[in-house]
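Trainee: Here is how the chains run, residue by residue.
There are 4 protein chains.
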Amino acid sequence: MFNTFGSLFRLTSFGESHGPGIGGVIDGCPAGIEVDEGFIQAELDKRKPNNAFAGAAGTTRNEADKIKILSGVYEGRTTGTPFAFFIENTNQKSQDYSKLADSYRPGHADRGYDMKYGFRDPRGGGRSSGRETIARVVGGALAQLYLKKIGIEIFAYTEAIDGIYAKDFGEISLSSCGERQFFAPNVEVVNHWQKRIEEVRKDLDTLGGVVCIEAHGVPAGLGEPVFQKLDACLSYALMGVGAVKAVEIGDGTAVAASRGSKNNDGLQYDDEGNLCYASNHAGGIEGGISNGQPIIARAYVKPIPSVAKEQKTVSKQGENIVLSIGGRHDICAIPRIVPVLKAMAAITLMDMVLLQKRMENNGIS
Amino acid sequence: MFNTFGSLFRLTSFGESHGPGIGGVIDGCPAGIEVDEGFIQAELDKRKPNNAFAGAAGTTRNEADKIKILSGVYEGRTTGTPFAFFIENTNQKSQDYSKLADSYRPGHADRGYDMKYGFRDPRGGGRSSGRETIARVVGGALAQLYLKKIGIEIFAYTEAIDGIYAKDFGEISLSSCGERQFFAPNVEVVNHWQKRIEEVRKDLDTLGGVVCIEAHGVPAGLGEPVFQKLDACLSYALMGVGAVKAVEIGDGTAVAASRGSKNNDGLQYDDEGNLCYASNHAGGIEGGISNGQPIIARAYVKPIPSVAKEQKTVSKQGENIVLSIGGRHDICAIPRIVPVLKAMAAITLMDMVLLQKRMENNGIS
Amino acid sequence: MFNTFGSLFRLTSFGESHGPGIGGVIDGCPAGIEVDEGFIQAELDKRKPNNAFAGAAGTTRNEADKIKILSGVYEGRTTGTPFAFFIENTNQKSQDYSKLADSYRPGHADRGYDMKYGFRDPRGGGRSSGRETIARVVGGALAQLYLKKIGIEIFAYTEAIDGIYAKDFGEISLSSCGERQFFAPNVEVVNHWQKRIEEVRKDLDTLGGVVCIEAHGVPAGLGEPVFQKLDACLSYALMGVGAVKAVEIGDGTAVAASRGSKNNDGLQYDDEGNLCYASNHAGGIEGGISNGQPIIARAYVKPIPSVAKEQKTVSKQGENIVLSIGGRHDICAIPRIVPVLKAMAAITLMDMVLLQKRMENNGIS
Amino acid sequence: MFNTFGSLFRLTSFGESHGPGIGGVIDGCPAGIEVDEGFIQAELDKRKPNNAFAGAAGTTRNEADKIKILSGVYEGRTTGTPFAFFIENTNQKSQDYSKLADSYRPGHADRGYDMKYGFRDPRGGGRSSGRETIARVVGGALAQLYLKKIGIEIFAYTEAIDGIYAKDFGEISLSSCGERQFFAPNVEVVNHWQKRIEEVRKDLDTLGGVVCIEAHGVPAGLGEPVFQKLDACLSYALMGVGAVKAVEIGDGTAVAASRGSKNNDGLQYDDEGNLCYASNHAGGIEGGISNGQPIIARAYVKPIPSVAKEQKTVSKQGENIVLSIGGRHDICAIPRIVPVLKAMAAITLMDMVLLQKRMENNGIS
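Residue numbers (my numbering), protein chains in the order written: chain F, -11 to 353; chain R, -11 to 353; chain A, -11 to 353; chain E, -11 to 353.
Since the hints were derived computationally from the structure, they do not count as laboratory data. Please note that a few of the clues may not be correct.
Same chains, same label: a pair holds when it works inside one copy or across any pair of copies.
[Stated by the list, open to error] List time: in silico BS3-like cross-link candidates among lysine-lysine, alpha-carbon distance up to 27 Å: (1) 345 to 136; (2) 183 to 297; (3) 304 to 183; (4) 137 to 345; (5) 56 to 345.
Put together the whole structure using the sequences plus the hints.
Mentor: Spelled out as structure tokens, the structure:
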């Protein structure tokens, strides 16, 4: 169904940006997970408008975004029954959007919605609002609590903003990328990004970037050989986050101009008898199945379409108009999109782990 | 489930490359589609080993690949009941693969399978064989027969092989790309690709490429706003074909270095009052929903991992070995992958059309 | 999944009897339904412990059971987005159950739970508590609001308690059965039932009964011919309510001793040209598909297994013990089960209506 | 979807009674099952028209009904990939049905189909034909092969025909009920049934009966506590077989007039320390979960609606007509329905076993 993600670890998301709040139900959650509410809240805080990680990129909408757990936890652990949660909306200003009601904003789904539903809720996007991703971040946080226990850790960091790549300014380091401004993988790039964002804001424009997700500790064998391939599922998860226009696994687009002999990741036992791969062009996935190397995926994020610059467009009434969008908008989907992409990767891996566990148990011994 | 694709137009695929054959069942197929078997067979023929489109790239395995319809058709039209079909395997040579049984081929899922299942069928990949895609091509052909009737046409062509882009040699033309060698979008590039493939074959290596899929005539409004976004579903469909390592929608990776003011596709009414987009950076999808422009998606295909060159790898028994793979392998997944990607896009769009039709009918009037 | 009911109108239920509360999410709810909260609350009130309909049969647990809508409604109408709701638990007394923690109560799932999960939450049943049915009643009420608009009305009444049949004391009348004590279909039987229940309570025992559900105004053509037959789905819905041990459609068990010539419901046009059935042995369903006559289904409800009388059983520790169950238990699942069964029938019919609407829209015209 | 049954062990059925044949695909089948084709064929033979078990009750349509396995088996064992199969139709006589094209046969879905689809295939029912149950019998046979290995055996026998109960003529014995005429549970009743059927045939009428299904060796703990209850799923499975109008678990309808103290199945340890139930009123299911006792379910089968006697009905064109149905029809759905009901119970239990195995593997240890 339209509001459910995952097959065994299933998140059903609900709520609108200008209704009472945003929530979700996770069915299929294994029993016994220690529910570290501090961790869940910390992931939510990273997605929050105007948070400490956003630097110059943020909106000025303030939301407390405090999670309230409604079911599925007993004495601090999941019980295996549905885990339901709710986050109240506390700062709705629907009047902000009234003047946009009749404009088809370029780069938005406004016209698509009108064609689809015959009407459109201009108040911040309704279900299609970025606030819906709150439910995903909670689901992803719960998944991460489980995955950590079995040795899988997920990292997400900003690789580039507006074509400025972090790797050109310092070494990529996963160790504290989750705590750094912009979720930068090194300190050196931060000021460059900050400066560029400020310039673009002054220019009344917006900008995009690249997010890298890595999953370490993933055992070989996750993913199904025909349709629920690990790379296909990850791709669905990441492309399903608004603003993402391309998804790569491992070397991604570059493989198309490589050769088999180079692109293959050769394996050898080293002197101590450990199995080693010579490279990781495949991003940890071969034939749709994890091979034990780190999973590496990239999401390419388009610039926020709501630009303050004047743009030509049309009104619902059929006139050519000129539009300039103010309001409390972000200049860049990064870094707020980073915890969302991390969450989607986490839910996907969680689902794959449970699928694999299920299969292991099916044989006749 | 693992062997089913689609939610309303559901293809369940079955069969192994070295069993009796490959088949599938399509449940949810609308009644009344004229089943043009010639068209279905023609799509299958394009995917066939050693076909006329493959040029120098092909394998020497010969298969008749003749479709036999088992159910769901009456007097030449679908009845709305499950459409089942079967294609016999006629040319199995499992002995070819025997010497690979104990080697983990680089770039393949061999080790993943061993980790996953505890064993692996070396006979051409079993379910994970390219032959499984026969079922997808049939499903896609049936979907195309429906989509054509409602004005949606899908094109798939090879954009580049080994970094040689067709657009550098002539204009891109959709009109007969489906009938040209390599599914080339112009005549001029064909010899360049042919030559490069021959060189690489002599070099005992393999090569990759880029496939572009376009869907014209797609109405605005397809796709769901939260999880079953059109771009997410397309991405799942294309990344789920073996060898694909990146998927782009519209400008894809390039959006990450663009600006909002440039990346937005402005709309205006022209002098005759027709709604026109100034560009199609979005590839026809905004906010996960089609906007009425052509859908444009790209799949980046890795070089075939089975190279004749010597490669270092390990055996199942834990030794370092050197491997050189002969057998009846393709040098390049392109062009045989082209009809498969086209089919996957067709099934996805078909599903989205049916989802949209369902929704339209749900309101209280 | 385990906590979801329905395919197109999907209720996902969450919450435990001794947690914060009970809630649910309905995905697939059509847009535009006028959400009459008074009606939903009235249905909930009929299911409430110690309500006006229960007469002598009830428990003394008091719960406000006030619904709070969390999403999916705008200006009093459903929007087509997920409809989420929550009902707080206000009167938990888990100490009541402590002494039962180590006993396997006869007629309960206590031992099954221990075998299944390795542990068991003795506090009123957790998810398996009757309180979970709150979510079903809300889902059913929303479904009824839609069904009424398209002319389908659902009635549920108590046909018999402890073998005392209402029809033996007066005519069956649907008109105000929903407002009468015990949901009795006539006034005459009420005192007989009241008296019998009091006797049995004094005897420290419990008793069962029969509930009849009728749906009027159901158009011909609902239900699918192979697996999602209307009668199979209704059966799943009703048998899935705790305490139900048999489900009948139409004449039910009696058909097994009837003859074809008698059991068939003949059709004829009357003098005014209206199509009339001579009988309704089939209960409105033939070949799994509604035929336009009233749908008639019966659920046979077992006596509450928690009896105050002494019973032999075993403890978790492996001893033979004698148990007498006090606490705030009902004497009879009827009448509180009546609105639950009505709700399950409503959700099932709603699902079937949406399935049928979907199909109607799928053909090529 | 409409043509799929089961959630983890999923049967997708295809084919029409007058097309090339009937088949199915089972996805989710565990690897390693020894595929005893003889057993599968024997189950099919019991369902066959005009078989040795039918006695006087059968049709004269002859079909070979030989199974052909299309995929999923390697060296005699299931591989875990989809198990597909096909059974050719060899004896179609669609002319038999031509004269019924415009009549709405009483007791059939004819009018429902017309209302649903706008047309109806008179040739023996198309998908709704009894021949579709072939796919179920194969699925059930495969499930039984697995269930037997884990100690679960399923029995199905005829309890009564036309009100004549087997238990009134001799003891009920499961041991060879599957090999006896009419699947009778004792020898004594066979002649009584045979005689009654002959009388009713002469009277140009048809008759019904009761089928009992027992599953022995089912471990405690199968079934889910909220929606996928074992009794609800069994009920869906059995009521979904054409002609079944009531389903009972354990004492079934009788519980409604029993008392808690009597209806509860008390447990005690006997002198050797074995856990014993004093009775099995619950039919092995309490709270939707198996309790370790034999599962007992009953299906009440209506008389075949195609009677040779004259019946009043209407034509599609709106006239009152008189109809008498000849053709190759059974007089009684029993005994041919018995292997079908057995198969449906087997698939349901198989699904529940796999669900339970999945769950066991989900916890964090």
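Trainee: What hint numbers does the structure not satisfy?
Mentor: Going through the list in order, the structure violates hints 3, 5 and respects the others.
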